[in-house]
Amino acid sequence: MSKKTDALRRFSGWVNGETAGHAAVRREAARIEHKKLLPELDEQQRIRLFSWQYKLVALVVCLTVVAVLLYTVFHLPLFGDPENPAVNEVVQRYVEDGLEETGAVNMVAGMILDYRAFDTFGESSVLFLAVTSVMMLLLRDARNIVRDEDVQEEHERVIERQTSDIILQKVTSLVMPCIMMFGAYVVLNGHISPGGGFSGGAVMGAGLILLGASFGIDKVRAFFTMKTFRRITSTALLCYAASKAYSFFTGANGLETGIPLGTPGAIFSSGLILVLDICVGLVVACTMYGFYVLFSRGEI
Amino acid sequence: MSIIFELLLILALIICAIAALGSRRLLVTVVIFMAYSLIMSIIWALLQSPDLAITEAAVGAGVTGILFFMTLKKIHALKGTKDE
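Which chain is which? The protein sequence lines are X and S, in order. For the first sequence, this note's numbering gives the first residue as -14, with consecutive numbering after it. For the second sequence, this note's numbering gives the first residue as 69, with consecutive numbering after it.
In short, the hints are calculated from the structure, not lab data. Check each hint, because a few of them may be wrong.
Claimed, not checked - Covered stretches of chain S (in silico footprint by chain X; criterion: 3 or more residues with CB under 8 Å from a CB of chain X, positions within the stretch not fixed): (1) 112 to 124; (2) 129 to 135; (3) 138 to 146.
Stated by the list, open to error - The calculated SDA-like cross-link candidates involving lysine to any residue, where the alpha carbons are at most 25 Å apart (straight line), are: (4) S:Lys142 / X:Leu124; (5) X:Lys40 / S:Ala87; (6) S:Lys141 / S:Val96; (7) X:Lys40 / S:Lys141; (8) X:Lys204 / S:Lys141; (9) X:Lys204 / X:Ala127; (10) X:Lys204 / X:Met165; (11) S:Lys142 / X:Val143; (12) S:Lys142 / X:Ala127; (13) X:Lys40 / S:Ala88; (14) S:Lys142 / X:Met120; (15) X:Lys212 / S:Val131; (16) X:Lys212 / X:Gly201; (17) X:Lys212 / X:Glu284; (18) S:Lys142 / X:Gly283; (19) X:Lys155 / X:Val143; (20) S:Lys141 / X:Pro162; (21) X:Lys40 / S:Cys84; (22) X:Lys155 / X:Arg142; (23) X:Lys204 / X:Val116; (24) S:Lys142 / X:Thr210; (25) S:Lys141 / X:Val205; (26) S:Lys141 / X:Thr210; (27) S:Lys141 / X:Ile152; (28) S:Lys142 / X:Cys224; (29) S:Lys142 / X:Ala198; (30) X:Lys204 / X:Ile151; (31) S:Lys142 / X:His140; (32) X:Lys40 / S:Leu89; (33) X:Lys212 / X:Leu196; (34) S:Lys142 / X:Glu284; (35) X:Lys212 / X:Pro162; (36) X:Lys212 / X:Cys224; (37) X:Lys212 / X:Gly283; (38) X:Lys204 / X:Pro162; (39) S:Lys141 / X:Phe200; (40) S:Lys142 / S:Gly90.
Even for Gly, the Cβ is constructed at its ideal location relative to N, Cα and C.
Looking at chain X on its own, in the form it has when it is part of the complex (with noise of 0.2 Å):
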């Protein structure tokens, strides 16, 4: 027990970035402490015992998955091989058939939305469950206040005002439409071009965070609050729910939805993939935006 609060005592040390004197007063201190626990230990030897046995399984831990990757690498068939066990009926009927059975241009989110789309459904529950955790952990309502944190929040209000930094503020003011209008262009253009919705709605929350960072969150609060961040993240899972879910049903298999295809690469085409990504673009942008918010503030 005493070596583990040890090693976590200089690890917290180590974080705080406290100086080499600070942590020899430290350091003795606790060996006094320890002396008058068991005084029959010498501290330092086990100290430098510690830090060598550690270092020496470290090593050994990093060598070995060090060794382990490498012989799977070299293990690997090559990329690009016809003879690959990926290369099978899979992907000759995605690459052969794609384009006509879900009419996007951009083959990767003809598979993702349209041939996998309950696997995507899958995987904006999960960061929608993970903006939940955080939530429950930071935010700070009515049940979750604590006296020092609010006179700290009122600190770096206070800073937050007086620092304002205006080279920051002036590029962001003229980055920031582009951004945003670059994160659109990204999602809408998702059936036709690289892209989609998770870029999409990553560029687009690191464009709001990067307001936030700027001029403020009080700023970006003016149109973007707990009420808009709610009804937009419950809107687009619950429209996608509404579209998808049903494969859970019918084995991952999609329905016909009446929805014609239009023509490859006109931006109303490809049936309910546009849809879709607007969807997980909003999900993506919103939660990227809340961490960075719940984290920071505690409040959205």
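Given chain X's structure and the hints, the job is docking chain S onto it.
Quick look at chain S alone, frame taken from chain X:
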């Protein structure tokens, strides 16, 4: 020409990985990690997967780094800032 560029990128990737392990300041480690993600996104673009490149640039070089910064701020490990 392009093979030299790719080899340079991979070399920079390895250097970034080792430097992130070696640096003592956590802030510097996160910045190096973001540089690693940026190089990785260029490599994705060279490997002809632009969608992965966009995602890597937005998530790896942007959002993950910012979440790391927030965590470091929460545990008061950012040296030289005003909230210390």
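Here is how each hint holds up against the structure:
1. Counting residues of the segment 112 to 124 of chain S whose beta-carbon sits less than 8 Å from any beta-carbon of chain X gives 5, enough to reach three: the coverage restraint holds.
2. Under the rule that three or more residues need a Cβ within less than 8 Å of chain X, the assignment of the segment 129 to 135 of chain S holds, with 4 such residues.
3. Taking a C-beta to C-beta cut-off of 8 Å, the segment 138 to 146 of chain S contributes 7 residues in contact with chain X, enough for the three needed, and the coverage statement holds.
4. For the proposed pair Lys142 (chain S) and Leu124 (chain X), the alpha carbon gap of about 14 Å is at most 25 Å, so the pair holds.
5. For the hint pairing Lys40 (chain X) with Ala87 (chain S), the CA-to-CA distance comes to about 18 Å; that is within 25 Å, so the pair holds.
6. For the hint pairing Lys141 (chain S) with Val96 (chain S), the CA-to-CA distance comes to about 14 Å; that is within 25 Å, so the pair holds.
7. Distance restraint check for Lys40 (chain X) and Lys141 (chain S): the Cα-Cα separation of roughly 29 Å exceeds the 25 Å cut-off, and the hinted pair is therefore not satisfied.
8. Distance restraint check for Lys204 (chain X) and Lys141 (chain S): the Cα-Cα separation of roughly 21 Å lies within the 25 Å cut-off, and the hinted pair is therefore satisfied.
9. Our distance criterion of 25 Å between C-alpha atoms is met by Lys204 (chain X) and Ala127 (chain X), whose separation comes to about 24 Å.
10. At most 25 Å may separate the alpha-carbon atoms for a hinted pair to count; Lys204 (chain X) and Met165 (chain X) meet this at roughly 16 Å.
11. For the hint linking Lys142 (chain S) to Val143 (chain X), the alpha-carbon distance of about 17 Å falls within 25 Å, and the restraint holds.
12. For the proposed pair Lys142 (chain S) and Ala127 (chain X), the alpha carbon gap of about 21 Å is at most 25 Å, so the pair holds.
13. Of the supplied pair hints, the one linking Lys40 (chain X) and Ala88 (chain S) holds, its CA atoms being roughly 18 Å apart against a limit of 25 Å.
14. Among the hinted pairs, Lys142 (chain S) with Met120 (chain X) is consistent with the structure: their alpha-carbon atoms are about 16 Å apart, no more than 25 Å.
15. Proximity of Lys212 (chain X) to Val131 (chain S) is assessed by CA-CA distance (about 23 Å); at most 25 Å being required, the pair is judged to hold.
16. For the proposed pair Lys212 (chain X) and Gly201 (chain X), the alpha carbon gap of about 19 Å is at most 25 Å, so the pair holds.
17. This hinted pair checks out: Lys212 (chain X) and Glu284 (chain X) have alpha carbons roughly 12 Å apart, not beyond 25 Å.
18. With a C-alpha separation of about 11 Å, the suggested pair Lys142 (chain S) and Gly283 (chain X) falls inside the 25 Å cut-off, and the hint holds.
19. Taking the CA atoms of Lys155 (chain X) and Val143 (chain X), the gap is near 21 Å; set against the 25 Å cutoff, the hint holds.
20. Simply put, Lys141 (chain S) and Pro162 (chain X) have alpha-carbon atoms about 28 Å apart, too far for the 25 Å limit, and the pair is violated.
21. For the suggested pair Lys40 (chain X) and Cys84 (chain S), the alpha carbons sit about 22 Å apart, so the restraint of at most 25 Å is met.
22. For the hint linking Lys155 (chain X) to Arg142 (chain X), the alpha-carbon distance of about 21 Å falls within 25 Å, and the restraint holds.
23. For a cut-off of 25 Å, the pair hint linking Lys204 (chain X) to Val116 (chain X) stands: about 22 Å separates their Cα positions.
24. Note on Lys142 (chain S) and Thr210 (chain X): the hinted pairing holds, with a Cα-Cα distance of about 23 Å set against a maximum of 25 Å.
25. Between the alpha carbons of Lys141 (chain S) and Val205 (chain X) the distance comes to roughly 21 Å, so the proposed pair stays at or under 25 Å and holds.
26. Distance restraint check for Lys141 (chain S) and Thr210 (chain X): the Cα-Cα separation of roughly 23 Å lies within the 25 Å cut-off, and the hinted pair is therefore satisfied.
27. At most 25 Å may separate the alpha-carbon atoms for a hinted pair to count; Lys141 (chain S) and Ile152 (chain X) meet this at roughly 22 Å.
28. A distance of roughly 36 Å separates the Cα atoms of Lys142 (chain S) and Cys224 (chain X); the hinted pair therefore is violated under the 25 Å criterion.
29. For a cut-off of 25 Å, the pair hint linking Lys142 (chain S) to Ala198 (chain X) stands: about 15 Å separates their Cα positions.
30. Only pairs whose Cα atoms come within 25 Å are accepted, and Lys204 (chain X) paired with Ile151 (chain X) is accepted, the gap being roughly 16 Å.
31. Simply put, Lys142 (chain S) and His140 (chain X) have alpha-carbon atoms about 14 Å apart, close enough for the 25 Å limit, and the pair holds.
32. Restraint check: the Cα-Cα separation between Lys40 (chain X) and Leu89 (chain S) comes to about 14 Å, which is no more than 25 Å; the hinted pair holds.
33. The suggested pairing of Lys212 (chain X) with Leu196 (chain X) holds, with an alpha-carbon distance near 19 Å, which does not exceed 25 Å.
34. Among the hinted pairs, Lys142 (chain S) with Glu284 (chain X) is consistent with the structure: their alpha-carbon atoms are about 14 Å apart, no more than 25 Å.
35. Straight-line distance between C-alpha atoms of Lys212 (chain X) and Pro162 (chain X) comes to about 24 Å, which keeps the hinted pair within the 25 Å bound.
36. Only pairs whose Cα atoms come within 25 Å are accepted, and Lys212 (chain X) paired with Cys224 (chain X) is accepted, the gap being roughly 18 Å.
37. For the hint pairing Lys212 (chain X) with Gly283 (chain X), the CA-to-CA distance comes to about 15 Å; that is within 25 Å, so the pair holds.
38. Simply put, Lys204 (chain X) and Pro162 (chain X) have alpha-carbon atoms about 15 Å apart, close enough for the 25 Å limit, and the pair holds.
39. Between the alpha carbons of Lys141 (chain S) and Phe200 (chain X) the distance comes to roughly 18 Å, so the proposed pair stays at or under 25 Å and holds.
40. Restraint check for Lys142 (chain S) and Gly90 (chain S): satisfied, since their Cα atoms lie roughly 23 Å apart, inside the 25 Å limit.
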